[in-house]
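Participant: Letter by letter, the chains look like this.
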Amino acid sequence: MNPRSQTARARSDLGTRESEAARDDRSPARPDGFAKASGSLAYADDARLEGMLFGATLRSPHPHARIRSAHWRPERAPAGAIGLLARDLTGPNGVQLLDDAWPILAGDGVHHVGEAVGLAAATSPEAAQAALAAFEIEYEPLPARTTPAEALPSDVFTELEILHGDVAHGFTQAAHIVEGTWRTARQEHVYIECQSMTAWIDTDDTLVVQGSMQCPYYVQNALSHALKRPAQRVRVVATPPGGGFGGKEDYPSLLALHVALLALATRHPVRISYDRHEDMLATSKRHPSEVHHRSGVDSDGRLTAMDVDILLDAGAYRTLSPVVLSRAVLHATGAYRCPNVRIRGRAVRTHTLPNGAFRGFGAPQVLFAVERQMDRIARAVGIDPLEIRLRNVLEPGDELPTGQVLDDSTSARLCLERVERETDFRRRWREHERQRSTISGDANGSRKGVGISLYLHGSGFTGNGEKRLASTVRARLRSDGRIELQTASVDMGQGSCIVLPMVAADACGLHVDDFVVAEPDTSRVPDSGPTVASRTSMIVAGEVALAAQEICGQIVDAWGKRIDSAEEARLEAGELLAGSRSEAFRQVARCHYLEYGASEVTRVHTPPAWQEFDEESYRGVAYPTYAFGADVAEVEVDPDTLQVRPLAVTAVCEVGRVLHPVLCRGQIEGGTLQAVGWALMEEAQCREGHLVNDRLATYLLPTVQDCPEIQVVLLEHPWNGVGTGAKGVGELPMNGAAPAVVAAIENATGLAIAELPATPERLLVELERQGLADRTQPS
Amino acid sequence: MSIEFLLNGERIEVEAPPMSRLLDVLRRELGLTGTKEGCGEGECGACTVLLEDVPVLSCLLPLVQCEGRRVDTIEGLARSEAGPLIERLVSLGGVQCGACTPGIVVATCALLRQTENPTRAQVAQALAGNLCRCTGYEGIHRAIQALAEP
Ligand code: FES
Ligand code: FES
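Just so you know, the sequences run in chain order A and B.
Note that my numbering numbers the first sequence so that position 148 is 148, with each residue one more than the last.
Every number in my numbering is 779 more than the matching position in the second sequence, counting from 1.
None of these hints come from the bench; they were simulated from the model.
Note that the coordinates shown come from a computational prediction; the quantities given were computed from them, not determined experimentally.
Think of the CB as a built atom: it goes at the ideal place given N, C-alpha and C, for glycine as much as any other residue.
Worth double-checking, as some hints may not be accurate.
What the hints assert, rightly or not - If we take Cβ atoms under 8 angstroms as the criterion, some of the chain A residues that face chain B in the derived model are:
(1) 38
(2) 49
(3) 79
(4) 191
(5) 242
(6) 275
(7) 278
(8) 588
(9) 663
(10) 713
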């Protein structure tokens, strides 16, 4: 019995359907929920260890400087404190990610403010801070290039290009040519739990590192590389992250190295827990972007050519930027069909904090650009925003710029049509447009507007990522008759702790509580890959269900032989059945364990053969499938203060199979609000390389009072390509709300904001630029 | 200096500098780590506790201000009145990573002591100081509204 064919059968007559309301029987409560809400679950900084020391980090005050000399003066430090500098490292001074160019501690020079230069450990966090005064560093400041404009043309980390059709020819067919430059800001993750990591040396000389992270095997790999220790002598344990959003994908490898170096130097357990200020100062952010579009459309508004140029500010080190850029170029034309495309992407080096993974991973930036560009095109052609989208929307059978032909799970049109039905967008948009040109504001002095966006997100790793990874999972029978699911997936809130058992239970004919999810600990679970790219529910869950199923198969067979029934034995709803015989699975599994021991099944994920991608030419299947969404946002703008209040966002998302409606909805609600924050208020501002708003008092993000009402409609469209049939949902919503909100502002005020966030200051600048001041004053 | 107060219904005495942050005393001295630190400067609400029934930010509260007063933390509330709220938060999508949740539970308990069936606007006002980065607040609203249902 194959769960794929089983689900295929179950869904064959479904067509696209809407998922049930939030509370339904497909949504069992997450098992960690009570412990989290009641404060009893231990996060990285909660349990204290015997004899533990605390670490602190000395950071560069300069965006760019040579280090002339560096010393540790123990006499100036609290008694017993120790200090480490780059010269104390015995292995390569680099954090292994794509390469190891990111220094663990700055050696000859510093390349961004906040770069780690020295590490101290002492008996309390306060003493460790005090010990930093014992470092004596002499810097020679050098000229810093802190914006992408200054970095060009020489300082390009990575450049990618996609060519499709004949762009020059496409422009000759165009009735209108529309250009636009769209910019987005550096966004801070603000996971509520700051980064925290602890290291110690076990009695058998194993180095143990435990803390808040998304990717235990990335961390193990980085430790093993830089400390020149075999992987078996490096054990990494992920504690439940208090939020990640990508922010605990790359940076924890660096922090793990810091605590490990201190633990090795002191032979004591060492913990570093950042406070919010340090977390904001030191950790990666979403890449600021500038995207230039030149588009040609025929007189009906059908795209004939798209020329897109993407610039990402990578910051001082390459880290994950090439992969972020890759996703950016692959999403640059959005959910639209265009026969002639050129996409160029560059990630450039500046003397600022390295930017890294953040929910959406390069896609939100390019989708903001293409969505606003489509609105601009619509105005040029003289049609409304829904119509331009309907005329160009990707359909099954269409080709992407990579040449990938879309299968029939391509549901972009369904999302658009549904969001129109849900919100009556077109009529309202026209009404606001008319009102704007005739009156100046509502009776109460505010103006309302609506905006629409259409978006997609490639599910799983980009290109050959899954092939290279060979994600490995294991299921193992326990002595209590339950099956342990062993993966390296980390539950940072998205709910794999319940989704993995649900998928396995469904595949096996068991109950959710017949499964236990193993703690992500590299000494116990295989490398199922990082918890990123919205891949857990789709790929990891699918494999682990198959592994569990194999174990159940063994138990069923053995039982069938034992009872010697003429009828075939099978497993249903926790019962073993054969003819008139039945027995509880758990009981039989316990006996099976006693007789045969802990059977275990390991599976390695192999992407389907048709998922071929050529990384040189950027041709082929970059993602096995795409999730789609359409948002309508409504805002209200105060004409005096230009303050924007987001009133409502309706998100219609098609995500393949919905595994757990409550959690799925939660992903979309949360991602939508992060996107609204990015659209309206969030910006980690950098001035000459210094972060200006490096505290929560100055970095604003949405509170419950800034939050629109978020309505989610989940559509399920059968898809059987890979794994569970779920498409990735974690990142999708981050792509939709920002362009919809900014379009709504334009609908309300006539102000087309080309740069996020759309703050009152930017609106004012635009107001002055457009010379509309008189028209938007209340009469 | 020794400070005496009523913590989760029990009289306790803590030996600590009077200006220590209550948050550190709870987490480090008393092992009550359900109260979280999200910012340390009064912006996130993860450290919310009740002082004489009023939600306060324990990262800003010097221990000495607790002298002779009643302090309730998530650990105490979870054992008593917060049960139904927690159950709904968990089942209706009000808990994702959970880092904000204890603070939100504490602040909501204070609201519910005053207002039995709060409106969405009242909830928004009461939780204005509690950041949640995961849920978009919708699941939290759903859970609190559901308390009114039988
Ligand atoms: S930790 Fe007290 S408000 Fe953030
Ligand atoms: S659940 Fe993660 S911050 Fe609220």
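Participant: State for each hint whether it applies.
Facilitator: Outcome of the hint check:
Because the smallest distance between the Cβ of residue 38(A) and any Cβ of chain B comes to about 3 angstroms, under 8 angstroms, the interface hint for this residue holds. About 13 angstroms separates the beta-carbon of residue 49(A) from the nearest beta-carbon of chain B, more than 8 angstroms, and the hint is not met. The criterion of a C-beta within 8 angstroms of any C-beta in chain B is not met by residue 79(A), whose closest approach is roughly 20 angstroms, and the hint is violated. For residue 191(A), the interface hint holds, the least distance from its beta-carbon to any beta-carbon of chain B being 6 angstroms, beneath 8 angstroms.
Because the closest C-beta pair between residue 242(A) and chain B is about 3 angstroms apart, less than 8 angstroms, the hint holds. The closest approach between the C-beta of residue 275(A) and any C-beta of chain B is roughly 5 angstroms, which is under the 8 angstroms cut-off, so the hint is satisfied. With its C-beta approaching chain B no nearer than about 10 angstroms, residue 278(A) sits outside the 8 angstroms limit, and its interface hint is violated. Interface hint status for residue 588(A): violated, as the beta-carbon distance to the closest one in chain B is roughly 31 angstroms, over 8 angstroms.
A distance limit of 8 angstroms between C-beta atoms decides the matter here; for residue 663(A) the minimum to chain B is near 7 angstroms, and the interface restraint holds. Checking residue 713(A) against chain B by beta carbon gives a least distance of about 13 angstroms; that is not within 8 angstroms, so the hint is violated.
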